[in-house]
Every structure is written in structure tokens, then in C-alpha cells.
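Residues -5 to 303 in this note's numbering are what the sequence shown lists, from first letter to last.
If you are wondering where the hints come from, they were derived from the structure by calculation, not from laboratory data.
Any given hint could turn out to be false.
Now the in silico label distances, taken between C-beta atoms and shown as ranges [stated by the list, open to error]:
| id | residue 1 | residue 2 | range |
| --- | --- | --- | --- |
| 1 | K87 | G111 | 15 to 25 Å |
| 2 | W166 | D268 | 23 to 33 Å |
| 3 | P13 | M123 | 36 to 46 Å |
| 4 | A261 | D204 | 20 to 30 Å |
| 5 | N253 | G135 | 36 to 46 Å |
| 6 | T272 | E43 | 17 to 27 Å |
| 7 | A62 | M123 | 25 to 35 Å |
| 8 | D204 | A265 | 17 to 27 Å |
| 9 | P206 | E258 | 11 to 21 Å |
| 10 | Q168 | K137 | 34 to 44 Å |
| 11 | A94 | A261 | 36 to 46 Å |
| 12 | I52 | N266 | 16 to 26 Å |
| 13 | A201 | P302 | 41 to 51 Å |
A virtual CB, placed ideally from N, CA and C, is assigned to each residue, including glycine.
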Amino acid sequence: MALLNFKKRETVENGPVNPTVEAFLKDYSIEVMPRTAEKVEDFRALLPEGTRVYIAHIEGTPIDDMVATAKRLAAEGYPVMPHFPARIIKDAKTLENWIAMYQGEAGVEQALLLAGGVAEPHGDFHCSMQLMETGLFDKAGFKRLHVAGHPEGNKDIDPKGGDANVMDALRWKQKFNETTDAQMALATQFCFEAKPIIAWANGLKDAGIDLPIHIGIAGPAKLQTLIKFAIACGVGPSLKVLQKRAMDVSKLLLPYEPNDVVTELAAHKAANPDFNITNVHFFPLGGIKTNATWAINNGGASTRPVNPT
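Work the whole structure out from these sequences, hints included.
Pasting the structure below:
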């Protein structure tokens, strides 16, 4: 039986907010794609000033569409962080051309480097480390480079389970952080449960990996939408949070909202100021407006858009 459709709640509420959540949501980032960005008339009506906007590069998306989206967002005053997926970049010449296009058209000076969601590389690169080894981002003067983090592991990297290969890659990136002029951070896949996230972040610190963590959070969405994306993206243990919710008939009429996971992480951050999760990164799986409205309702002054309506 198909799950029931949920009624979207996109009304901005002006009630009091949890101060620890407000602090935790300050300087959040959000991810868009060219086709989802096209649906937004004015980002300034949704996002705070200076919000970092990642542009996801899905296989098959023309680079011209990516650059045009970056140019539009930059013109509206938002720093843009496009994805550079190694496996769909043919060679160093192509990478250099992408960098030049982004900088020339949109003034881009930051990037998310990742392997990319395709099984077979289209060219010379198969992982983000190879992109960094080209030296092209440092040559272009990029000020910030983010790399992927996997709180629940990654079966593409560690097909037999565990995290040995993931940890080896993180140690390499930690060493690279010591040589690049760019600021580095981990941007993670979305998760739904706070305790495993906290344990993973603490484990990285114990292993000597001190890159700041921008934790991935799924924005409000229909439950069936989240389950579909979670399975497709390889979200593991915390998927049981959604499965448990799916069994509760009383909650099927309500959209999923990330209140519980954000509140728990915010409380942990408030109690442990040196906790290595520094920012929230939203995946707006239920829509950019829906996600932004949730942030405004829960983040107080720190999430107020440039042009509130």
C-alpha cells in the first residue's frame, strides 16, 4: 500500500526558538541542482545573507547549466560551492576548464570534491584525492575545499564493510590539509539519528582527524521521499528511524522534520563547545522553500532571509 501524501507546511512562524538550535543553525549551508534552483524565484526571500549554496553535479548535467546556476546565485549575493565529481571529469584539462568557467562567470573560489555517484570513471579520475593532487585548485587560488564524510560508512569505498578504506582516505586528506592554503572541511551524507553521528565525530577526533565537520541533515519531506533517497544514497543504520516512523499511523499524516536530530546535536554542541561538528548542511529533499521555511521557523535571527516576506 502506498504511503499517504503529507500536507506541506511552509508557513513562517514567528514564535520563540530554542537558543541552542538557533546557535547550531547559524551559517548553515544548503544544496541545490540547476533544475531545483530554477523553481526558486528569488533566493533572497528564503536564505540568510552569506549562505553557502552547494550546486550538486549529477551525471548528465551540462557544465554550462552548472555554471549558469552558479552565476545566478552569485549575482543574488550567495557564495557558491559547486560539486566536482571526479568520476565524471575526463582529465586534468577538463578540470582546469571547469575551474576557469566557474571563476570567470561566477567568481567561484570554493568547491566540494568527491568521487561522484557513478560506478565507472569517465576518464582519468576515480576519487577526490586525485583532483587535489593536480594542484589546480591551489593554482586557481581556491579559498575553501570540502571533501565527503560518511558517518555511516560507504559501501562503494569499503565494499566488505567496516571503514578501513574510508579512514585511510581521511588520513590522506588530513595531511593534504597541512599543505594547502585552502580551508578544508568534511561535508557529510545526511543521517537521521544523533547518537551515531556524535560517536562517529568523536571517533575521527580520537584518530587525529580534526577537519571541521559540516553535518548533512535531510530537510522536511514526505516520508516515502526520504526513504527512497536514503536507500539510493546508502544511508545505513539511521534508516531505522524512518522505518519506525513509517509504522506509526499517527505520524503518517505529518511530514518528517529534522527537529529531533538537530535538537540533540545542538544540545551536545552547546555542552561541548569544542565538538568538531561546526555547521549544518541541508539536503532539501522536500524542496528548497520547505527547507528554508523550517530553518526560519527554528533558527531565529540566524536564519532570517535577506528579503523576508
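Okay, the hints, checked on the actual structure:
no.: 1; hint: K87 - G111: 15 to 25 Å; in the structure: 23 Å, holds
no.: 2; hint: W166 - D268: 23 to 33 Å; in the structure: 24 Å, holds
no.: 3; hint: P13 - M123: 36 to 46 Å; in the structure: 40 Å, holds
no.: 4; hint: A261 - D204: 20 to 30 Å; in the structure: 22 Å, holds
no.: 5; hint: N253 - G135: 36 to 46 Å; in the structure: 40 Å, holds
no.: 6; hint: T272 - E43: 17 to 27 Å; in the structure: 19 Å, holds
no.: 7; hint: A62 - M123: 25 to 35 Å; in the structure: 29 Å, holds
no.: 8; hint: D204 - A265: 17 to 27 Å; in the structure: 19 Å, holds
no.: 9; hint: P206 - E258: 11 to 21 Å; in the structure: 19 Å, holds
no.: 10; hint: Q168 - K137: 34 to 44 Å; in the structure: 19 Å, violated
no.: 11; hint: A94 - A261: 36 to 46 Å; in the structure: 45 Å, holds
no.: 12; hint: I52 - N266: 16 to 26 Å; in the structure: 36 Å, violated
no.: 13; hint: A201 - P302: 41 to 51 Å; in the structure: 43 Å, holds
The earlier numbered hints that this structure contradicts are 10, 12.
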